[in-house]
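S.K.: Take these sequences, add in the hints, and give me the full structure.
Sequences listed follow chains A and B, in order.
Here my numbering is used: position 180 in the first sequence is 602, and no number is missing along the way.
Here my numbering is used: position 215 in the second sequence is 451, and no number is missing along the way.
Because the hints were derived from the structure by calculation, they are not lab data.
Since the structure is predicted, the reported quantities are computational estimates derived from the model, not experimental observations.
For glycine and all other residues, C-beta sits at the position ideal for the given N, C-alpha and C.
There could be a bad hint or two in this list.
[Said to hold, decoys possible] The list that follows gives simulated cross-link-like pairs (lysine to aspartate or glutamate, DMTMM-like), each with its CA atoms no further than 20 Å apart: (1) K285(B) <-> D302(B); (2) K551(A) <-> E534(A); (3) K492(A) <-> E430(A); (4) K249(B) <-> E512(A); (5) K689(A) <-> E668(A); (6) K292(B) <-> D452(B); (7) K551(A) <-> E593(A); (8) K551(A) <-> D302(B); (9) K249(B) <-> E681(A); (10) K551(A) <-> D500(B); (11) K285(B) <-> D248(B); (12) K455(B) <-> D467(B); (13) K278(B) <-> D248(B); (14) K292(B) <-> D500(B); (15) K492(A) <-> E340(B).
[As the list claims (entries may be wrong)] Over the 10 Å line for every Cβ pair with chain A, so calculated as not near, a few chain B residues: (16) A239; (17) R244; (18) D302; (19) G342; (20) L348.
Here's the letter readout for the chains.
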Amino acid sequence: MTAVIRAEGLTKFYGASRGISGLSLVVEPGEVFGFLGPNGAGKTTTIRLMLDLIRPTAGLLEVFGLDVRKQSVAVRSRAGYLPGDLHLYERLTPREYLRYVAALRGLEGLGEGEALSERFELELDRPIKALSKGNRQKVGLVQAFLHRPDLLLLDEPTAGLDPLVQQTFNELLREVVAEGRTVFLSSHILSEVQRLADRVAIIREGSLELVEAVETLRARAFVHVEATFAQSPPQEAFASLPGVRELERRGPVVLLALEGSADPLIKALARYEVLALDSHEADLEDVFLTLYREGSAGAS
Amino acid sequence: MRASVLTRTLRDKWRSFRWWCVGILAFVALYGSVFPSLHGNKSLDNLIKSYPQALKGFVGFGGNLDIGSGAGYLGTEVFSFWGPIVFLAAAIAAGAGAIAGEEERGTLDLLLSLPISRVRCLLEKLAALVCEVVALGIVLWLLLVIVSAVAGMGVSTANLAATTIALILLALMFGSLALAIGAATGRRALAIGLSATLAVAADVLNALAPLASWLDSAKLVSPFYYYSHSDTLRHGLNGTDALVLLAIGLVAACVAPIVFARRDLSTS
Chain A
423 MTAVIRAEGL
433 TKFYGASRGI
443 SGLSLVVEPG
453 EVFGFLGPNG
463 AGKTTTIRLM
473 LDLIRPTAGL
483 LEVFGLDVRK
493 QSVAVRSRAG
503 YLPGDLHLYE
513 RLTPREYLRY
523 VAALRGLEGL
533 GEGEALSERF
543 ELELDRPIKA
553 LSKGNRQKVG
563 LVQAFLHRPD
573 LLLLDEPTAG
583 LDPLVQQTFN
593 ELLREVVAEG
603 RTVFLSSHIL
613 SEVQRLADRV
623 AIIREGSLEL
633 VEAVETLRAR
643 AFVHVEATFA
653 QSPPQEAFAS
663 LPGVRELERR
673 GPVVLLALEG
683 SADPLIKALA
693 RYEVLALDSH
703 EADLEDVFLT
713 LYREGSAGAS
Chain B
237 MRASVLTRTL
247 RDKWRSFRWW
257 CVGILAFVAL
267 YGSVFPSLHG
277 NKSLDNLIKS
287 YPQALKGFVG
297 FGGNLDIGSG
307 AGYLGTEVFS
317 FWGPIVFLAA
327 AIAAGAGAIA
337 GEEERGTLDL
347 LLSLPISRVR
357 CLLEKLAALV
367 CEVVALGIVL
377 WLLLVIVSAV
387 AGMGVSTANL
397 AATTIALILL
407 ALMFGSLALA
417 IGAATGRRAL
427 AIGLSATLAV
437 AADVLNALAP
447 LASWLDSAKL
457 VSPFYYYSHS
467 DTLRHGLNGT
477 DALVLLAIGL
487 VAACVAPIVF
497 ARRDLSTS
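M.R.: Shown next, in the form of structure tokens:
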């Protein structure tokens, strides 16, 4: 089966400033492909290249086996796009706007838009300028899905959505994938991508750091544990525990990174008087740093 | 009718179009009400006859400044003064807004993520511009036909149509230019500023040409020369002049999709 998205050595420079460089990836049909990276890493650039809104400096980019430049109209007719920075026609109502989008896609009425709006509880007849950020985002989602596209290009799709709507969105994505359609989802939030995606690419400063199944990545993710003790524990108290690294020590406060099972650490902590314990999932930067450390260790 | 970029754009224009019409109506009514007090005023006629020809050419339309006659009055007041201002303002605003306006507002990204080519998008925007300016022209023409009859100006309906057509072509030329600049750069203010500056320069060049002999051939590069010199209010449409205006507009209209299709769209 042909890949839905194939990029080889894809490079985009904006004048002298960096866009993306040498990006190669393959997205298979029926998967949710998470595209993870901090803001400004090149996620939006990659998506806009697929839609022929901007043109690559070098490299190959195919969607559905079609050249994104020469056959861009054919690509766009099968793709749905939600921009990260959503701008809608303020004077129109969602109904007028969605009818316009549907008409330009060759559909009668709103296409699937009516049913999707109902699902997202989107009010169709108030002017867009009167809508909250969350409701605008719903309009953006509905227009991306209304023609049952084979490929969804979603740039930070859950920004501004309340948790209930996010749940509806998650269900929708699962249905889309169950039908064999494909989702390319960009985000800077690790947990979001972990929850939704099958595979993840991590992009940083315009280059692909790795492409990995989420399961594999999850095994590598770690949590931060911050323990406040009544008295400072010995320097080497936690050094030899499996999956534990001591990151920082400020008097009686010790910051640890935990990978894998928490049990050995809990048992080790219990030997001292713990006044407070706080743990949270490491953020993306921490995962990156770990990956880099491993990368450079592997290289040397 | 199924919505397209053209029909959507026209619908969006409707609001501002009505205000342009109100403005035209107000001006035409004002000018129509003043004309009877000038008509047949011998001392005014004599005063104007005593003006040097160069001055008449500078202020008047097609070298005429006899504002006591209907054709001279409409030529001087309507077709060489506020008519070009109103029509060029409307056309340049519409042209600059067509692509660059959407790009600056950030709506162009989503529009062009739909399965329409950039060339088609631009051509439909251009068609909307043509519709708007032609509609304004029809409104102006109808009002002038009425005012000319009521105030006894004695300008033929055909000649009013001919002059309005020339005005439409002039406005469309600068409107297409604004559209092309906006499509090439994505910058609306630049498109408006540059087109308006060129229009003013072209007008001044054409107006000054009769005053300085060394400018006489330079006027040939000014679209305003082809718009005004043949005095269409008296002699009807000059085919060559109309074709020149049309040709310049078409060049801008042909360049626009080519440059637009080649570049990166900017994010807002």
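S.K.: It remains to establish, for every hint, whether it holds in the given structure.
M.R.: Consistency of the hints with the structure:
no. : hint                : verdict
1   : K285(B) <-> D302(B) : 8 Å, holds
2   : K551(A) <-> E534(A) : 23 Å, violated
3   : K492(A) <-> E430(A) : 17 Å, holds
4   : K249(B) <-> E512(A) : 14 Å, holds
5   : K689(A) <-> E668(A) : 16 Å, holds
6   : K292(B) <-> D452(B) : 16 Å, holds
7   : K551(A) <-> E593(A) : 28 Å, violated
8   : K551(A) <-> D302(B) : 53 Å, violated
9   : K249(B) <-> E681(A) : 60 Å, violated
10  : K551(A) <-> D500(B) : 28 Å, violated
11  : K285(B) <-> D248(B) : 48 Å, violated
12  : K455(B) <-> D467(B) : 16 Å, holds
13  : K278(B) <-> D248(B) : 49 Å, violated
14  : K292(B) <-> D500(B) : 49 Å, violated
15  : K492(A) <-> E340(B) : 26 Å, violated
16  : A239                : 4 Å, violated
17  : R244                : 6 Å, violated
18  : D302                : 47 Å, holds
19  : G342                : 3 Å, violated
20  : L348                : 6 Å, violated
Hints 2, 7, 8, 9, 10, 11, 13, 14, 15, 16, 17, 19 and 20, counting from the list given before, are not met by this structure.
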